[in-house]
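Peer 1: I would like the entire structure built from these sequences, with the hints used as guidance.
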Amino acid sequence: MSTVQISDDQKDALQEILNISMGQAANSLARLISCKITLSIPQISQTTPHEFSQLFEQGETMHYTRQSFLGDLKGEMLCLMDKSGCDAFAEAMDYSNPPSATELQELILDVSNVLAGACLLGMSKQLTLRNTLNPPMLFDPTLTDFSNLKWQSALLMEVDFVVERANFSSRVIICLEESSISELIDRIDKLLE
Amino acid sequence: MTLDELFPYVIRQLPIGVCVVNPEYNVVTWNNFFAERLNITEQEVHGRTLADLFPQQFAFLKRKIDSAFLLNHSSFSYWEQRPHVFQFQSSRPITGEETAMYQNIELFPLSAPEAAPEFVCIIVHDVTVQASYYQELRRMAGQLEQERDAQKELLRKLKETQSQLLQSEKMASIGQLAAGVAHEINNPIGYINSNIQSLKDYMQTYTQYNQSLMQLIDSTGLDKLIAQKDLLAEEKQINYLNEDIWDLINESLEGAERVIAIVRSLKDFSHVDSSEWCYADITQGIENTLKILQHEIKYKAIVHRDYQPELPLLYCQPMQLNQVFMNLLVNAAQAIEDKGDIYISVQTPESGVLEIKVRDTGCGISNEIQQKIFEPFFTTKPVGSGTGLGLSLSYGIIKQHKGDIQVSSQPEQGTEFCIRLPIVDEPTDKGM
Numbered sequence: 000m001s002t003v004q005i006s007d008d009q010k011d012a013l014q015e016i017l018n019i020s021m022g023q024a025a026n027s028l029a030r031l032i033s034c035k036i037t038l039s040i041p042q043i044s045q046t047t048p049h050e051f052s053q054l055f056e057q058g059e060t061m062h063y064t065r066q067s068f069l070g071d072l073k074g075e076m077l078c079l080m081d082k083s084g085c086d087a088f089a090e091a092m093d094y095s096n097p098p099s100a101t102e103l104q105e106l107i108l109d110v111s112n113v114l115a116g117a118c119l120l121g122m123s124k125q126l127t128l129r130n131t132l133n134p135p136m137l138f139d140p141t142l143t144d145f146s147n148l149k150w151q152s153a154l155l156m157e158v159d160f161v162v163e164r165a166n167f168s169s170r171v172i173i174c175l176e177e178s179s180i181s182e183l184i185d186r187i188d189k190l191l192e
Numbered sequence: 000m001t002l003d004e005l006f007p008y009v010i011r012q013l014p015i016g017v018c019v020v021n022p023e024y025n026v027v028t029w030n031n032f033f034a035e036r037l038n039i040t041e042q043e044v045h046g047r048t049l050a051d052l053f054p055q056q057f058a059f060l061k062r063k064i065d066s067a068f069l070l071n072h073s074s075f076s077y078w079e080q081r082p083h084v085f086q087f088q089s090s091r092p093i094t095g096e097e098t099a100m101y102q103n104i105e106l107f108p109l110s111a112p113e114a115a116p117e118f119v120c121i122i123v124h125d126v127t128v129q130a131s132y133y134q135e136l137r138r139m140a141g142q143l144e145q146e147r148d149a150q151k152e153l154l155r156k157l158k159e160t161q162s163q164l165l166q167s168e169k170m171a172s173i174g175q176l177a178a179g180v181a182h183e184i185n186n187p188i189g190y191i192n193s194n195i196q197s198l199k200d201y202m203q204t205y206t207q208y209n210q211s212l213m214q215l216i217d218s219t220g221l222d223k224l225i226a227q228k229d230l231l232a233e234e235k236q237i238n239y240l241n242e243d244i245w246d247l248i249n250e251s252l253e254g255a256e257r258v259i260a261i262v263r264s265l266k267d268f269s270h271v272d273s274s275e276w277c278y279a280d281i282t283q284g285i286e287n288t289l290k291i292l293q294h295e296i297k298y299k300a301i302v303h304r305d306y307q308p309e310l311p312l313l314y315c316q317p318m319q320l321n322q323v324f325m326n327l328l329v330n331a332a333q334a335i336e337d338k339g340d341i342y343i344s345v346q347t348p349e350s351g352v353l354e355i356k357v358r359d360t361g362c363g364i365s366n367e368i369q370q371k372i373f374e375p376f377f378t379t380k381p382v383g384s385g386t387g388l389g390l391s392l393s394y395g396i397i398k399q400h401k402g403d404i405q406v407s408s409q410p411e412q413g414t415e416f417c418i419r420l421p422i423v424d425e426p427t428d429k430g431m
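Top to bottom, those sequences are chains A and B. As numbered in numbering that gives the first Met the number 0, residues 0 to 192 make up the first sequence, in order. As numbered in numbering that gives the first Met the number 0, residues 0 to 431 make up the second sequence, in order.
What the hints contain is simulated information worked out from the structure, not anything from laboratory work. All values derive from a computational prediction rather than experimental measurement. There could be a bad hint or two in this list.
Here chain B is said to cover these stretches of chain A; the calculated rule only asks that three of the stretch's residues, wherever they fall, bring their Cβ under 8 Å from a Cβ of chain B [to be verified]:
1. 20–31
2. 100–107
3. 112–119
4. 130–137
In silico BS3-like links for lysine-lysine, alpha-carbon gap of 30 Å or less [claimed, not checked]:
5. Lys124/A - Lys61/B
6. Lys61/B - Lys82/A
7. Lys356/B - Lys401/B
8. Lys401/B - Lys35/A
9. Lys356/B - Lys297/B
10. Lys228/B - Lys199/B
11. Lys398/B - Lys371/B
12. Lys189/A - Lys124/A
The following residues of chain B were derived to be distant from chain A, with all beta-carbon distances above 12 Å [unchecked claim]:
13. Ala67
14. Asn103
15. Gln293
No residue lacks a Cβ here, since even glycine has one placed at the ideal position from N, Cα and C.
Peer 2: This is the structure:
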C-alpha cells in the first residue's frame, strides 16, 4: 500500500489551520481554569509504527489518555501529561489538594477531553468536516505491544500546552489513520484553491 | 405517525437516562429512565432546578454542564472515578450484590447548526453489570496474584528444605560411615585392650613366680648354681626386661584406651545414641562443652559464668543441647579477634522457663546478616571453613525442644544469643 504524501504547501496550510484550532483549544481551557496558557507551534509529521512507539519513551513520568473519533476523519487523539504538574493543576481545577487517585484520573480525563475536543472540533469546523469524539480513556502504553500495530503510516499533528502558573504541560496529538489522510488533503486543497 | 411524532416515544422508552437542562440548570425534560426512578414525571419536573433535585451532586453536575456549554462539546464522567453520580438503585435489586447503580455519564451540548448551545443533554448509562463484572475480575486477579505469590514462597521453601534434606542426608551418611568405622574398630580394640589387660595380670603372676624361683635358687646356697643363674640373667638382660615389660604393657593399654576414646567420640559425632531424652543438668553440659573447647577458648577469652543456684533438671536431649552450646561457644570464640570475654548465664527468669545466654565481646553481627544467620548454609566464614549449618542445626534443636533462640548484636560491641527453653515435666511430651 503506497502512502499518501503531503506536500509542503499542504503542510503549511494545515499548520495554519491547527494554529487557529489549537488557539481556540487553549482559549477554552484558559476560560475553564482561569489561567494563562501558552502553546507551541503545531508539528505535523507522517509516522511509522516504530516512530510512533517512541512517543511513549518517557513511560512512567507521564499520564496518557486516548480518545477515538469517527466521522469524516477517523483516528485517535492522544494526550500526554506530565505527572509532576498534575497536582498543581488539580488545585486550579478546584479539586482537593492533593487530589485522590480517582480525582486525579478524573482530572486527567477532563483536561484531555477539553483539549482534544477543542483541537479536533476546531480543525473539523474550519475544514467543514463532521466528527464525533468518543469518551477519553486512560491509556497505559506499557501494556501495548507496539510491534504489532496493524497500520503502515499515520499522520500526527501535535502541539504542547503549558499552564505556566501551575507548571503543568500537556501534549495533544491528533493521529489520523491512513485512509483519512487523503480526505484531509482534499479539503485542504479546496481551501487553497 | 411521522418521525417527529415518533421520536419522543423512542426517547421516553430508551433504556438509558436522558435529561435536558438549560444554562440556568433547570430541567427542561427527562425520559422515563429518570421519571420512574425518581417518581417525578416529565411534566412535573419541567422547570425544576438541578440544585433542588440533586443537591449533593449539584456542584459536580454544574461543573460538567458549564464545561459543555462553554466549550460546546461533550464532557464525560465514568463509573471508575464516580460510580454513583445519581443515587439510583441497582438495576438488579434481587439477584445483584450491588445496591447502587454504576453509571457512565455523557453531557453534550444541543444547539441549532452554527449557533451557541441552548441546552445540555445528560445521558446516563447503567453500567452496573459491566462494573461489577470488572470489579469481580479485578478481585480475582488480585486473588490469583496472591495465590501465585504464596506458591512462589512455597516453592522457595520447598527448594530450601530439599537442599537442607540433601545436606542432612550427606551428614547422616558421613555419620553412618563414622559409626560403621567406629563399630569395626571397636571390636578388635576391645579384645586387644582386654587381652593386654589379661597379659598384664599374667605377667604380674609370672614375675612373682620368677622372683620366687630366683629366691629359691639363692636359698639353696649352691654357689655354682647361683652363679649360673646370674650369668643367664645377665646374658638375657632379665633385669632390663623386667623393667621394660611394664612400660610396654602400660603404654599399650594407654594407647588402646585412647583408641577406645576416639571411637567413642566418633560415635558421639555420628549422633548414634545422642538423641535420647532424659533429665539433665544444663550447666553440666555447658561445662563439658567448655572442657572440650578449652584449647579454642583459653587463649582468646575469659569465660564468666553466672549460673543460678539450684537450677532444676531439664528434660531434654543433652547431647543435642551440647551441640548447640558448642556452636554458640565456637562462634563466640571466633568472633573475638584478639582477647575478650565470654559471659554465660543460666537462669529461670520466670517459672517454667530456662534461659541460657551466651554473650561475647567480639566483632558483632550486622543487621542484614542477623536476619540470615539461622538459614541453612549461610556462613560468613571463608569457603571450606564453615558449613553454614551450625546455627541452622542449633535452631532446629531448640525448636525440637519447643524453645526459642534469638540473637541481638551490635557491630564492634559483641553478640548475645539467648535461648529460652520450657521446663517440661512430663516425659510423655517428647515432641519428636
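Peer 1: Does the structure keep lysine 398/B and lysine 371/B at a Cα separation of 30 Å or less?
Peer 2: holds (17 Å)
Peer 1: Are all beta-carbon distances from glutamine 293/B to chain A longer than 12 Å?
Peer 2: For glutamine 293/B, whose nearest Cβ neighbour in chain A is about 63 Å away, the distance exceeds 12 Å, so it holds.
Peer 1: Does lysine 189/A pair with lysine 124/A here, judged by a C-alpha cut-off of 30 Å?
Peer 2: holds (14 Å)
Peer 1: Please work out if lysine 228/B and lysine 199/B have their alpha carbons no farther apart than 30 Å.
Peer 2: holds (25 Å)
Peer 1: Are lysine 356/B and lysine 401/B close enough, with their CA atoms no more than 30 Å apart?
Peer 2: Status holds; Cα separation ~17 Å.
Peer 1: With a cut-off of 30 Å on the C-alpha distance, tell me whether lysine 124/A and lysine 61/B pass.
Peer 2: With a Cα-Cα distance of about 27 Å, the restraint between lysine 124/A and lysine 61/B holds, given a limit of 30 Å.
Peer 1: For a C-alpha distance cap of 30 Å, please report whether lysine 401/B and lysine 35/A respect it.
Peer 2: violated (72 Å)
Peer 1: For a C-alpha distance cap of 30 Å, please report whether lysine 61/B and lysine 82/A respect it.
Peer 2: holds (27 Å)
Peer 1: Is the coverage entry for the segment 112–119 of chain A by chain B consistent with the three-residue Cβ rule at 8 Å?
Peer 2: holds (count 4)
Peer 1: Are three or more residues of the segment 20–31 of chain A within 8 Å, CB to CB, of chain B?
Peer 2: holds (count 3)
Peer 1: Check the non-interface label on alanine 67/B: least C-beta distance to chain A beyond 12 Å or not.
Peer 2: violated (10 Å)
Peer 1: Hey, is asparagine 103/B genuinely clear of chain A, shortest beta carbon separation above 12 Å?
Peer 2: Violated, since 7 Å does not exceed 12 Å.
Consistency with the previously given hints fails for numbers 8, 13, 14, ordered from lowest to highest.
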